[in-house]
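S.K.: Line order of the protein sequences matches chains H and V. If you want the numbering used here, it's the position in the first sequence, counting the first as 1, plus 900. If you want the numbering used here, it's the position in the second sequence, counting the first as 1, plus 102.
Everything labelled a hint here was simulated from the structure, so no lab data went into it. Predicted model only: the values in this text are computed from it and were never measured. Mixed in with the good hints, there may be bad ones.
To be verified - 30 Å max Cα-Cα, derived DSBU-like pairs, lysine-lysine: (1) H:K920 - H:K955; (2) V:K170 - V:K158; (3) H:K966 - H:K955; (4) H:K941 - V:K179; (5) V:K162 - H:K941; (6) V:K158 - V:K179; (7) V:K158 - H:K941; (8) H:K966 - H:K914; (9) H:K964 - H:K920.
Claimed, not checked - Away from chain V, derived, C-beta distances all over 10 Å, residues of chain H: (10) S918; (11) Q929; (12) L976; (13) E987.
Idealized CB from N, CA, C, for every residue including glycine.
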Amino acid sequence: GAVVSQHPSWVICKSGTSVKIECRSLDFQATTMFWYRQFPKQSLMLMATSNEGSKATYEQGVEKDKFLINHASLTLSTLTVTSAHPEDSSFYICRVYQNTEAFFGQGTRLTVV
Amino acid sequence: GNSVTQMEGPVTLSEEAFLTINCTYTATGYPSLFWYVQYPGEGLQLLLKATKADDKGSNKGFEATYRKETTSFHLEKGSVQVSDSAVYFCALTSRNTGNQFYFGTGTSLTVIP
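Working from the sequences, and respecting the hints, build out all of it.
M.R.: Structure (structure tokens):
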């Protein structure tokens, strides 16, 4: 199956700064990638669908100006959390889709202090 | 619509005990069903899947059978190990959902020696 690499695995940043999370599809070209947020002991919440070469599609209630998504190539999508605040602390996971299966990155633990 | 209902956790079992985690679904069309496992601090990994009614998915001693008549996909393992401690997610996708996956809330399993 597809191999998805997410970086960094964890990051601590100061409140007010921005953090970029990368999601790479290592062995196939992904025209679409998905970004999820997971709160402790909860399921995954779909934040947005990242489309190569076009704007991302955000789920209702997700601030597009706060969570900037760029899908500049078929193997890379980035999620930038802008002006991060402690409430943005969470586990962020990306996903790709291949042959009716989902393949996930390792996740990024973001802590905003 | 599409949804997945999963057994509430957490579940705590002794090593070598029998495991069942219930999962039922609602879907339009003919979904594919999945179980994903998430180890602490990591992303989700595919554990097993079934793509049509009466199929049985199996992996690492885990099994789940796609039951269309009861709209269920319960996860079972005859003898759990400490290393099985993780969070388990039931999920579905179908041609009607495009690339979207629908996840259950997750069931945390802790196996004690």
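S.K.: Among the hints numbered above, which are violated by the structure, and what are their numbers in rising order?
M.R.: none
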